[in-house]
Every structure is written in structure tokens, then in C-alpha cells.
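Q: Given next are the chains, with one letter for each unit.
Protein chains: 2
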Amino acid sequence: MISKSSLYHVVESMAPLYVAMGLGYASVRFRAFTPEQCAGINHFVALFAMPLLIFRMISSNDPYAMNLRFIAADTIQKAAILAALALWARLSARGSLAWVVTLFSLATLPNTIIMGVPILRGMYGSMSGTLMVQIVVLQFAFWYVLVVFLFEYMAAQRALVAKQQQAAAPAAVVLTVLDGDQQINASAVVPVTEGDRNADTNTEAAMPPPPAEAEAAMAAPSAKLILLMAAKKILKIPSIHASMLGLVWSFIAYREGIKLPTIIDDSVAIISVSATGLATFSVGTFMAQQSRFISCGCSVASLAMAMRFLVGPAVMAASSLAVGLHGDLLHVGIVQAALPLAVISFVYAKEYNVHPEIMSTGVIVGTFASFPITIIYYILLGL
Amino acid sequence: MISKSSLYHVVESMAPLYVAMGLGYASVRFRAFTPEQCAGINHFVALFAMPLLIFRMISSNDPYAMNLRFIAADTIQKAAILAALALWARLSARGSLAWVVTLFSLATLPNTIIMGVPILRGMYGSMSGTLMVQIVVLQFAFWYVLVVFLFEYMAAQRALVAKQQQAAAPAAVVLTVLDGDQQINASAVVPVTEGDRNADTNTEAAMPPPPAEAEAAMAAPSAKLILLMAAKKILKIPSIHASMLGLVWSFIAYREGIKLPTIIDDSVAIISVSATGLATFSVGTFMAQQSRFISCGCSVASLAMAMRFLVGPAVMAASSLAVGLHGDLLHVGIVQAALPLAVISFVYAKEYNVHPEIMSTGVIVGTFASFPITIIYYILLGL
Chain C
0 MISKSSLYHV VESMAPLYVA MGLGYASVRF RAFTPEQCAG INHFVALFAM PLLIFRMISS
60 NDPYAMNLRF IAADTIQKAA ILAALALWAR LSARGSLAWV VTLFSLATLP NTIIMGVPIL
120 RGMYGSMSGT LMVQIVVLQF AFWYVLVVFL FEYMAAQRAL VAKQQQAAAP AAVVLTVLDG
180 DQQINASAVV PVTEGDRNAD TNTEAAMPPP PAEAEAAMAA PSAKLILLMA AKKILKIPSI
240 HASMLGLVWS FIAYREGIKL PTIIDDSVAI ISVSATGLAT FSVGTFMAQQ SRFISCGCSV
300 ASLAMAMRFL VGPAVMAASS LAVGLHGDLL HVGIVQAALP LAVISFVYAK EYNVHPEIMS
360 TGVIVGTFAS FPITIIYYIL LGL
Chain X
0 MISKSSLYHV VESMAPLYVA MGLGYASVRF RAFTPEQCAG INHFVALFAM PLLIFRMISS
60 NDPYAMNLRF IAADTIQKAA ILAALALWAR LSARGSLAWV VTLFSLATLP NTIIMGVPIL
120 RGMYGSMSGT LMVQIVVLQF AFWYVLVVFL FEYMAAQRAL VAKQQQAAAP AAVVLTVLDG
180 DQQINASAVV PVTEGDRNAD TNTEAAMPPP PAEAEAAMAA PSAKLILLMA AKKILKIPSI
240 HASMLGLVWS FIAYREGIKL PTIIDDSVAI ISVSATGLAT FSVGTFMAQQ SRFISCGCSV
300 ASLAMAMRFL VGPAVMAASS LAVGLHGDLL HVGIVQAALP LAVISFVYAK EYNVHPEIMS
360 TGVIVGTFAS FPITIIYYIL LGL
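These protein sequences, in sequence, are chains C and X.
Quick note: the first sequence uses numbering that gives the first Met the number 0, first residue 0, plus one each step.
Quick note: the second sequence uses numbering that gives the first Met the number 0, first residue 0, plus one each step.
A portion of the hints provided could be inaccurate.
Unchecked claim - Just so you have them, the derived chain X footprint on chain C, three or more residues with Cβ under 8 Å:
(1) 19 to 31
(2) 34 to 41
(3) 259 to 270
(4) 273 to 283
Unchecked claim - Chain X stretches covered by chain C per the calculated footprint, using a threshold of three residues with CB under 8 Å from any CB of chain C:
(5) 5 to 19
(6) 23 to 36
(7) 263 to 271
(8) 277 to 290
It is worth saying that the hints were derived from the structure and are not from the lab.
Predicted model, so just to flag it, every value in this text is computed and none were measured.
Note that beta-carbon positions come from the ideal geometry of N, C-alpha and C, so glycine has one too.
Take the sequences, apply the hints, and build the full model.
A: Structure (C-alpha cells):
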């Protein structure tokens, strides 16, 4: 049974996140910030604050002392959901790769870094903060890479279809199609929302894709080419750099027993401490800038919420029990699986134009819904 | 004699500030951020991060345990310099109120909150952090209010001159002059740099000054009217609100022995922790956006540096000794007086167009110069 005081402690850990979000929301609604100014803050988060926070988290995590059982449960949950979705896509007429990626992201990619660490710490103490970091390592080292790869695969497929259509079309269309390709390529320099595009396009404008690539895209999308494109895209995401660098450093540091010099650690920290506040503020501005809270249909929104708050946690519970987790470890796994959707999932969906309206709804409604839902999970698990 | 290790400790406390500044500078130079995006970050600092940091600092400072001697030394330093400048302005043909305000700001208003707290803590331990807060209380409760009052007085004087000229001018000019007045009134909603103006003007557009005010401005600028205008302006500065609120709360809390509930304190902290990193980042973007590092003449720049790094600390040393300070307290007072110029001083100078080029130079050159100068002061005082 959860005591009143520990319940209040959880509310204490969640409230600041919602206050920062509310501040962001109000700032846009009362026109204290222009969309371009919001984009500046979002860009700062994507380019500096988040990567440095991820680096600091991962580099200070002992990779030789990871909880393998916990990681296994997390991996089995994601792999099982992906396999089930792939099977459904193959068997059902309504199934498609786009839906597989969308439903997979909804079910398995919660907001671990920004919301998971403070909330789970408030619930189960500092032990759970360490577990969150282990999940973050896998997210950035594998799962987001996989998601970007699948998005790239779909983009290449679409490009192929466009090329085939172009064979019977006048020359003017060729240019349009090629432009379209470049647009896809120009995305995801950093995770960005709409308003942030300008800066990226500027950066990208200086380096158009080499002609060889455009020609290669004329052929069927080979797995090798798609891998190459995905790799190029992934290597441009600061958070991925940061997690790799952090991982490499953690392997060296914990083997050799060395620490990052204070002067470097403090220089990273001066920016990284701003990540949680600015990122949640940014989610608030994002909400206020959408024309509707539920931008997809209500039935699709319900499906999205069911994937996020029921399927994800249920499969996590099953896989945790399967590997023999129990007690707090089991509870931490389930509650973190029921956190709101990671904003980065919306960002990619938007960039590649694969169900962005569903992901937007997932972030907005999910963030509101998660306040009571997370607490209900916490109470139920404590019975 | 300062040991090598404590000297390194000081460099450790300064380095992160310069790293964040360098990041801001590079971000603009490499076009990772547009001017409008920088304005967004600066606006966030002025509207939320700084006020909340100031509130948190002041509200957690015990007002019944202030070091009266230290405060007296700080007050005497500022009052003495102001008196000397006023005397010079009265006696010299080259003296003017504009120069009094400029030289006073240069000599007595260092960057206490953002740079003072971490650097002085690195030098003399947490005791000096508390002393910095006491200086901040007075800065916001009195000295910045005075500076804004003097700027308002000059603006009113200029408006009067314009009105007198207008008496003999065609009607079209009247409109221009009135517009000019409104422009001055529209300033300083929050401390802003140039790019930040749009948002402010938008906010302000909804509330034009009542006609009575415009008529009143036709008459000679009465002290009462100027006070009213200054009060209106000051009441629009979030940092002033925050410091007043923090002061009131600290008087209540430390008398009654109560504390701010954790849920409120954490909600303030989630934003306020970003202030130091974002504010120094913002100074870096400010530097990169200026066309020249030294935008006033070299001799004026030298005068500005002399006021900041020699006159200010020297008068502080004299006033500290006069009230009987010695040891670390004396050293803390002198070193904090030799910190770089507060960015807010530039912001006001820019808003009221009173020697903005000198203040810009004061911030930029002063920030670079202060790295060695602060350390030299520290070493000399430790001999």
C-alpha cells in the first residue's frame, strides 16, 4: 500500500515538469513568444541541452554494472511488439510499414530522459534513475537508429515509386521529384519542430547530395543504399553523437577507474541542467502552436492511447515476469513504459511525414493523460 | 599566498561560464542560430530564467542575518562614486547627466548574479555566495531603480526640448515627436537586446499611453511625473518583481521559521537552473552579433575599462576599509567589484540610447579582460 506521503512525493516530482510545460503553453497563447523565438529555444534544446544531458547521463553510468535482466526485459518488450506488428502487417490487408513504425513508436518509446528520470526517482529512489539511464543507452544506441532506418527505407521506396512514374512524364517533373528527394535528405539535421526548419535548411543548403546518390536512387532501393542514407542521417543527430561518445567514455572510465575532470564536467553541466526545464517548456509551446489538441480522429487517438498506456506497459510486465524481475525492478519497468510519448518520435514522424497527426496527438493527449495514469499505475503496483 | 590548487579551483569555476559564452558566440558565427532564435533565448532569460533565479536567491537569503558592514561598504562605494560624478558634472563643462549614469554603471554595477556567485564561491567558499545575494538585493531594490529613474529623467528632458522646438514647427512634426515619445515608453518591458524588440512592441501595442500623459509631457518634466513614468517602467521589469517578491517572502519566512514548499521550490528551480548557462550563452550571441568588439573609440574604451576594473574596486577597497572590513570579507568585496559589467546595464543604455556603444564595449571587452584581471586580483589579495 502506497502511503499518502509517498504519493505526495510523486506529485512533487511531476509538478515542476507540468509547471514548465504550462509556462511554455501560456507564453505562446499570450503572445509573449513568437513562433520563431520558440523555435530558438527548441533548437537550443535539440542542439546543445539534450545532447549534453544525454552525454552526462550515459558517461556517468557504469556499463559494467548494468542490470542485464532489466535490460533484457526492455529489449524483449520492444522486440516482441515489433515482431507482432510485422506479422500483422504481413497478414492484414490494412497493415503497412508506416503503421508498424507508428504503432511501435507509440507502444515502446516513452519520454525516458526528461520525464522518466525525475518521476521514477520520486517514486522508487535513485536506483531507478540509474535504470532509466540504462534504458536511454539502448534507446539511442539501437532503437532510435532502427526507427530512423525504417523511415529512410520508406522514403527510398517512395522515391522509387516517384522515379517509376517519372519515366512516363515530361522533364519538368523530373526536377520536382529530385527536389522532393533533397527535401527528405535535408531533414533531421537535428530533431526539430516545424518552426525550426529554416535554420536547418540553411545549414543543409551548403551541401547538396552528390549526383552519384541521386542516380543510385533511380535503381530499386537496395538495403545497402538505405543503410548508407540512414547512417548519414543518424550521424547528423547531436543526441546520437552524444550517446555514442558517452558510451565510449563510460567503458574507458569505469575500466580504468578515471573520472571526467571537474572543469569539463561543470562545463557540460552548465548547459545540460537547462535541458529538463527547456524541453518541457518547449513541449508546452508545441502544444499551443497546434491548431487542435486531437489532430487525428478520435478512434485513432484512442488506439494511440491504448498502445501507449496499456499495450506497452502490459507487454513490459509480461517480459519482466518472463525474465524473473519482481518487486521494485518490476514496478520501475512497468511505470516507465507508461510515461508519455517521447517528443522525438513526433519530430521524426513530422520530418518523414508518416502519421505526424497521430504522433502529435500522442504527445499532447498522452502528456495530459499520463499525470493521472502514471499515479494510478504507481498506486496499483504498490497494493 | 594562493596555492596552485586553489588557483585551479578558481579557473574551474570560471571556465564553464566562458564555455557557454563561446558556444553562444560560435552558434551565431557558424549560423546555427538566426538572430530571431537568439532573441528567443534572450527573451526566455529575461522573462523567466533570471527573475526566477533572482527570486530563488533572494527568498532563500535570511534578511535578519545580513552582514550590515558589508552592505554598508557596498552602499558607500556606490554613493561615493555617484556623488563624485555628480560634482564633476556640475563643475566641468564636459559633464552631463548622460555621462554620470554611464560612468556610474560602469564603475559600480558588475555581473553579480550570473558570474559573481559561481566565481566568488570558487574563491572564498559558500559564505561569499551569501554575500553576493545581499549585494543583489540592494542592486534590484535600489540601484537599478535609481538608474532607470535617471534614464527616465533624461528621456523626459529630451521630450521637453522636442516639444519646445515643435512650437515653431509645422503640424507633421508634432506627430513625429509624439511617436518618438511613445517609442521611449514602449521600451523596457523586459531587458531586451535589439532582436527582441518585436515581441515587446506587440505586447505594448495593446496599451498606448493615455492621452493625459502625452499632455502632461508637454509641460516641463516635473519630478513627480518622471517618478510616475519610472515607476511604471520599473513595474514592468520581471527581475524587479521577482526581487521584491523574494524580499517580502524572505522577511516572512525567516521571521516565522517557514520554508517554501518543495513543490513550489522545485517548480521555480526547474527553470531557474537554466539561467546561468542561458544568460552566458546569450552574452556570447550578443558579442557575435555586434559588428565590432570595440564600438566606441579606444580612449573611451580605456576609460570604461579603468572605471570597471580600477576605480570601482579601488573605491570598494577604500569604503570596505573605512567600515572596518578585513580578511576574506574585504577580498570578496574587492573581487566582486572587479567582475565584468552587467549585461542589463547595456540593455538599459540601448533602450534609452544613452552611450550604448560604450556599454557594449564594456560588456564585451570587460568579459574577456575579466578572466585574467579577476585572477590577478585574487592572487594579489592572497599575498
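Q: All hints are to be evaluated individually against the structure, with a verdict given for each.
A: The hints, checked one at a time:
1. With a cut-off of 8 Å between beta carbons, the region 19 to 31 of chain C has 5 residues touching chain X; three or more are needed, and the interface restraint holds.
2. Here's how the region 34 to 41 of chain C fares: 6 of its residues keep a CB closer than 8 Å to some CB of chain X, so the rule of at least three is met and the hint holds.
3. Interface restraint, the region 259 to 270 of chain C with chain X: holds (7 residues with C-beta to C-beta distance below 8 Å; minimum three).
4. Evaluation of the coverage hint for the region 273 to 283 of chain C: fulfilled, as 6 residues show C-beta separations to chain X shorter than 8 Å, against a requirement of three.
5. Only when three residues or more bring their CB closer than 8 Å to a CB of chain C does the claim for the region 5 to 19 of chain X stand; here the count is 8, and the claim holds.
6. Using a Cβ-Cβ cut-off of 8 Å, 7 residues of the region 23 to 36 of chain X lie near chain C, which meets the minimum of three, so the contact claim holds.
7. Judged by the Cβ-Cβ criterion of 8 Å, the region 263 to 271 of chain X is covered by chain C as claimed, because 5 of its residues qualify and three suffice.
8. Interface restraint, the region 277 to 290 of chain X with chain C: holds (3 residues with C-beta to C-beta distance below 8 Å; minimum three).
Every hint from the earlier list agrees with this structure, and none is contradicted.
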